[in-house]
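K.L.:
Please take these sequences and the hints and turn them into a complete structure.
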Amino acid sequence: MKSFLCEWILSCVLTVQPVTPLPDLYYGTVLYDYYQDDYQQALLDALIVERRGIVGDEPVRLQLAKGSFAFADGLYAMAEQTFASVADGELTPLDKMRLSFHLARENFRRQDFDGVERNLVNIDLGKSWLGQERMHPEVEFMRAELATQRGDYSAARAAIERIDAKQPYRAYALFNLGVALRAAGALDQAEAVFATLGAMDVYEADALDLKQRALVALSLVKRQRTESASAESVLGAMPADGRYRDLALTSYGGLAMDNGDYELAARIWLSLKKDGYWSESSATAQLGFPMSLEHMASRGQALTHYRAAEANFEGRLAQLQTVATRAEDPVWVGGLLQVFAQPDGDAKSSGLMEEWRRTLGHTDWLEWLAAEDVHELLLQWRELHAMADWLSVLPEELSTFDALATEQRRRAAAARELIDTRGLHERRQQVAGALAESHARIDALNHATPERTPAWMLTLADADETKLLENLSGKRATLTGTPDDATRTRLLARIDYLEGIVFWGLVEERLTRLQAAEKQTAETQALLVEIDAKLARVTHAEDVIAAGVETDFLAFQTRADAITTQVAVAIADRETRLGNQIRSGIHREIAQVERQILVTRIAIARATDQLAMDQANEADR
Amino acid sequence: MQRIAFTLGVLLVAMSTSAFAADESGDVTASTLALEAAPIASGGSDASGGPAALGSQMEGIKRDLVELKRDLVVLEEDLLYPASSQVAVFLSMDVGEFFALDSVTLKLNGKDVTHYLYTEKQADALFRGGVQRLYVGNVKQGDNELTAFFTGRGPEGRDYRRAATVAFEKSFEPSYVELKISDSTAKYQPEFIATVSP
Numbered sequence: 002m003k004s005f006l007c008e009w010i011l012s013c014v015l016t017v018q019p020v021t022p023l024p025d026l027y028y029g030t031v032l033y034d035y036y037q038d039d040y041q042q043a044l045l046d047a048l049i050v051e052r053r054g055i056v057g058d059e060p061v062r063l064q065l066a067k068g069s070f071a072f073a074d075g076l077y078a079m080a081e082q083t084f085a086s087v088a089d090g091e092l093t094p095l096d097k098m099r100l101s102f103h104l105a106r107e108n109f110r111r112q113d114f115d116g117v118e119r120n121l122v123n124i125d126l127g128k129s130w131l132g133q134e135r136m137h138p139e140v141e142f143m144r145a146e147l148a149t150q151r152g153d154y155s156a157a158r159a160a161i162e163r164i165d166a167k168q169p170y171r172a173y174a175l176f177n178l179g180v181a182l183r184a185a186g187a188l189d190q191a192e193a194v195f196a197t198l199g200a201m202d203v204y205e206a207d208a209l210d211l212k213q214r215a216l217v218a219l220s221l222v223k224r225q226r227t228e229s230a231s232a233e234s235v236l237g238a239m240p241a242d243g244r245y246r247d248l249a250l251t252s253y254g255g256l257a258m259d260n261g262d263y264e265l266a267a268r269i270w271l272s273l274k275k276d277g278y279w280s281e282s283s284a285t286a287q288l289g290f291p292m293s294l295e296h297m298a299s300r301g302q303a304l305t306h307y308r309a310a311e312a313n314f315e316g317r318l319a320q321l322q323t324v325a326t327r328a329e330d331p332v333w334v335g336g337l338l339q340v341f342a343q344p345d346g347d348a349k350s351s352g353l354m355e356e357w358r359r360t361l362g363h364t365d366w367l368e369w370l371a372a373e374d375v376h377e378l379l380l381q382w383r384e385l386h387a388m389a390d391w392l393s394v395l396p397e398e399l400s401t402f403d404a405l406a407t408e409q410r411r412r413a414a415a416a417r418e419l420i421d422t423r424g425l426h427e428r429r430q431q432v433a434g435a436l437a438e439s440h441a442r443i444d445a446l447n448h449a450t451p452e453r454t455p456a457w458m459l460t461l462a463d464a465d466e467t468k469l470l471e472n473l474s475g476k477r478a479t480l481t482g483t484p485d486d487a488t489r490t491r492l493l494a495r496i497d498y499l500e501g502i503v504f505w506g507l508v509e510e511r512l513t514r515l516q517a518a519e520k521q522t523a524e525t526q527a528l529l530v531e532i533d534a535k536l537a538r539v540t541h542a543e544d545v546i547a548a549g550v551e552t553d554f555l556a557f558q559t560r561a562d563a564i565t566t567q568v569a570v571a572i573a574d575r576e577t578r579l580g581n582q583i584r585s586g587i588h589r590e591i592a593q594v595e596r597q598i599l600v601t602r603i604a605i606a607r608a609t610d611q612l613a614m615d616q617a618n619e620a621d622r
Numbered sequence: 322m323q324r325i326a327f328t329l330g331v332l333l334v335a336m337s338t339s340a341f342a343a344d345e346s347g348d349v350t351a352s353t354l355a356l357e358a359a360p361i362a363s364g365g366s367d368a369s370g371g372p373a374a375l376g377s378q379m380e381g382i383k384r385d386l387v388e389l390k391r392d393l394v395v396l397e398e399d400l401l402y403p404a405s406s407q408v409a410v411f412l413s414m415d416v417g418e419f420f421a422l423d424s425v426t427l428k429l430n431g432k433d434v435t436h437y438l439y440t441e442k443q444a445d446a447l448f449r450g451g452v453q454r455l456y457v458g459n460v461k462q463g464d465n466e467l468t469a470f471f472t473g474r475g476p477e478g479r480d481y482r483r484a485a486t487v488a489f490e491k492s493f494e495p496s497y498v499e500l501k502i503s504d505s506t507a508k509y510q511p512e513f514i515a516t517v518s519p
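Those sequence lines, one after another, are chains A and B. My numbering puts the first residue of the first sequence at 2, with every later residue one more than the last. My numbering puts the first residue of the second sequence at 322, with every later residue one more than the last.
Keep in mind the hints are simulated off the structure, nothing from the lab. Predicted model, so just to flag it, every value in this text is computed and none were measured. Cβ coordinates follow ideal geometry from the N, Cα and C atoms, glycine included. Hints are not guaranteed to be accurate.
Unchecked claim - Simulated restraints on C-beta separations:
1) A373/B <-> A387/A: 17 to 27 Å
2) H436/B <-> S155/A: 48 to 58 Å
3) P22/A <-> F493/B: 19 to 29 Å
4) S424/B <-> R268/A: 53 to 63 Å
P.N.:
Written out as structure tokens, the structure is:
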């Protein structure tokens, strides 16, 4: 009926199943974070499981997972120590492969290719039931990179073929192989590799980026092989957006000029010139456009555009010099960095970005900060700020815990007082005594056969019956001294009769009374358990909370303070370095613009001379 | 005149070529990309102020911080959920072909204690063998009852809502409830199972 009702209402299921061991559940929670790519949380959970000692019978799996998460979170030393702590004898063959995989990754990070090779040979995932070899994309990626590094390009190609097409690793490995082949002078093969990558379907932003780079590289190889038309078709087919759009267009313009197609080149330079931002490509276009015009015999217009370019370069130089002066102020640099303190796409971040665009008038400063070493500094700076934010709220959190612990201690003390003032210990003793008596009484009743003696009757009698029996017993004693035999005999018979009524009543109710006594005993037992639980709770609270927590709070605050100091020092260091990088970026660009101004002025002089000569020739005619 | 034109040409080519810097310096780019793919940063050793030293400094700080966080979480749980009243509810999935999880609502002794909506990534993490610690809280000692309501899509994409109830007696030790979604291949239906330990 219950089952039917459950089904009818919501279908509840009450199934008795084997319980999953607790260590397996906790290991599962670690995997839950890992499968969501939250390595930091996975590492934290693994450390908590380890600290609580919930590792079960397979401590190795948790160690390997911990090392792997530490590695993914950038804690390489911790990962290395964790892997080193795993005793070889404890490893199953699968664990050994897992360990080899992690060590191969660590060696790869260090670019220790001998180490990579040593570990990769231990990895063999076997075959599926269909007889197909099982592959791991990262393993195959490392195999491809190792082969590329060793110059074994066919092995690299074979490893790349084993990487699933949807994996971004495939794009990385192909690009690196293409670059290596080009450096080795194998232009045919490099071209084929870049063409493969350029034609690949890609599913991630990084892979799309690589695909575009591969197309630019492909056009370069084709130009190197003097296949200009083919290079042009590659560049012409590139999408008109993406990170490498300007680079591709510049290359396209250069190629058009190489081919003598100045009209096409002029169109490309014009398109780049129209962009509202300043970049190396748009600067090149400023010069490339009038140069194309010159070749199209529009010398007057070329001169006009050279002069416009000169004015643009001078304006840009003045702007950069102003920025350079302001960049000496650390507060200004700090304000610029605030753009990166916010999460990507955050409204505040976008607002700050707009503000700096208005101030700087261009976006090149983003390029300076996107350079790899600067980018790494920025990431660290941002991560350090996140740590500082977390640490800044910690004292408040600790104080909340402290208040909570204080309250728990107060309750524990109150309970302790309760024990003392209300005499819980004494009460326990009384109840335990009563319980012992009850047990003894029941035991006696169960074993003794009914007999008409005061001892037997009083054991079963209730209060009224006890009073009656005692009264009758007293009266019998009084009658012993009565001289009148007849009266004594008559009264003793009467007492005996009354006692008999009580006795037979007790015999009749013996079973019921025994059951009642057992029930009473059970209740006394429950009362005793409750008192014991209360005592245990108070003792636990006293022992664990009151004694342990206070010391921990002090230790916590001390540790947090030490980390806060380290974080502050590291932030100051990163800000100094980033300031230097920004200033150096500005000065690099100033030097570049100065070079561009010089080239433009030379071009102006030459074009002016040429124009004057043309006019003189015209006049001569 | 010819010399000026030559100079201009050389400079222009130089500028144009510099636009290919990312391509021309392909070897450097390649190693960088290779490292990104790992995904890891470059190693190397430098004693003072180089990328490796900065990375090492970051690692030291991060390690101290993660260990502090670990101890704080342990402390927090000990404080907020003492063993004598703690109950933790875990959710796992065994296969899960017949049920696509959308949400879970937990009722403890008749009161709603948590409601969780799953993203695709979270549901996938469960499908792959992850276990979610869905709820941790306090209950009275003695008899308690927990009901979990699962909503999602069942076989053939139909809306599905089921419940699993489990009664448990709380002792001085922490109580653990595991909610498991599994497949009944015999019925071609999902099953919702609740188990308690100890």
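K.L.:
Each hint: holds or not?
P.N.:
So, going through the hints one by one against the coordinates:
no.: 1; hint: A373/B <-> A387/A: 17 to 27 Å; verdict: 22 Å, holds
no.: 2; hint: H436/B <-> S155/A: 48 to 58 Å; verdict: 57 Å, holds
no.: 3; hint: P22/A <-> F493/B: 19 to 29 Å; verdict: 20 Å, holds
no.: 4; hint: S424/B <-> R268/A: 53 to 63 Å; verdict: 57 Å, holds
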